[in-house]
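Work out the full structure: start from the sequences and follow the hints.
Protein chains in written order, with the numbering used here: chain P, 29 to 180; chain S, 283 to 583.
Since the hints were made in silico from the structure, they are not lab data. As the structure is a computational prediction, the values presented were derived from the model and not from experiment. Ideal Cβ positions, reconstructed from N, Cα and C, are used throughout, including at glycine. Do not rely on the hints blindly, as some may be mistaken.
[Unchecked claim] Listed below are several chain S residues computed to face chain P (Cβ distance under 8 Å; list not exhaustive):
1. E328
2. R396
3. F399
4. P402
[What the hints assert, rightly or not] With a straight-line cut-off of 20 Å between C-alpha atoms, the simulated SDA-like cross-links for lysine to any residue are:
5. P:K75 to P:K114
6. P:K125 to P:R141
7. P:K75 to P:A102
8. S:K491 to P:P87
9. S:K491 to S:S501
10. P:K114 to S:D553
11. S:K491 to P:P128
12. S:K491 to P:K114
13. P:K114 to S:H350
14. P:K114 to S:R577
15. P:K125 to P:E84
16. P:K75 to S:H398
Residue-level listing of the chains:
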Amino acid sequence: MNAKTLSIIACMSIAILLSAESVLAKRHKPSPDSESVYAALAKVPAKDSARSNPLERDPEAIPAGNKLFHMHCAECHGEMAEGGRKAPSLLVGEVQKSTPGTLFWLLTNGVVRRGMPVWSKLPESQRWQLVRYLRSLSGPPEPMPNQVHTRQ
Amino acid sequence: MMNNHNMRLSRKYRFLFAPLVIILSVIAAHAQESPYIVTYDHYLEEPGNLEVEYFSTFGTQRAGNDFHAFWSEFEYGATAWWTTEFYLDGQSTFNESTLFTGFRWENRFRLLQREHFINPVLYIEYEQTSGADKILKEVEGHDVESDYATPNSISRREHDHEMEFKLLLSRNFHGWNFAENTLAAKNLTGGNPWEFGYAVGASRPLALKASAQQCNFCSENFITGVEMYGGLGDRNTFRLRDTSHYLAPVLAWNLPNDWTIRLSPGFGLNDNSHQFLLRWGLSREFSSFGEAISRLLGGRQ
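As structure tokens, then:
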């Protein structure tokens, strides 16, 4: 094994150790750091925030979003989106008062530093379905034909 | 005396049943897995989740025996920007023998926090395998079909320690995913030169909108695509001559009960390639695995 090889292995080991150290250090902090996650909502670019939901009038969007939520989100955010140890509540005003575009942007980009993964692997339509469902969780139900009960 | 014996037994059983406790305490998580088998997109495992995967590759071999290579993969989401994976490889060469051929430890780091036009991920892997390894998880340098014709009894004596670096680039566009991987690998044994390779892929779900009902056969559960991968020579001979290349349609079926099935027939594109590779894989994702381990080791609740 020559010196160049050894230095590559050493660099890689240091990188991995530093990453592990930063992860462990984060785990000792109280989590989830809800406020900073909600703060991410305020950082959404205005152009994205102003986007409207193309599925706003789709009667299937809320039940489909409900299904997607329980498949992908409930394990961290709780079955009723009330929040859990890994992720904050989605029933609070910061989330419920956000525009569809803001929620869509956050789903697409995540808050990677705070542990919220990017969800752009879900097709755009499915992300909009999720946004419809999230916004149906509080306040008066949105008018739609064949009203479906989405909260369990 | 009896108490000591009981204590020893209970300690023994505690370790014996630990894996069972972990498996029972984690919750299966629904996966939305990409169909690629060789190519990587920019998505990492969700933090705290463990994905357990099994893959098989059946390959035809001219001037030798056909083979069935297989690997198990344990993929853990350490953070939202770091995924670590451990592989165990093996193979059966027909009319010869079945061998354990080595292990790999792979790490993927997301370089940018948000989604961009192109999303880069850095991939670093260390592998310790024997010369009999045939999983063809990547094709690099001047890897050609004839390398795999050496009988197991001889090829198993060769031991490789290899570092592999990849730059994974990927983007989504109108429901499609496009991914490109560039590979550089260095065998640490002997004075081997750096070897290079590539993989590219495109995939799309059959339906972009989710249906409102739970279903196994809904179109949105199926993702289809194609990938192409091959070698690019080495540092001294960076060229396509004496390299092998494959084209492989891919299909993933993400089942609502948390399983993913993948299938990919691969076709060699030149005379240096295996004529046919049939790959398939089965995987299941478990959420909160990290928390279960933490609880078992007495960490915070």
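| request: Hint by hint, work out which the structure violates, then give me just those numbers in ascending order. | output: 3, 4, 5, 6, 7, 10, 12 and 13
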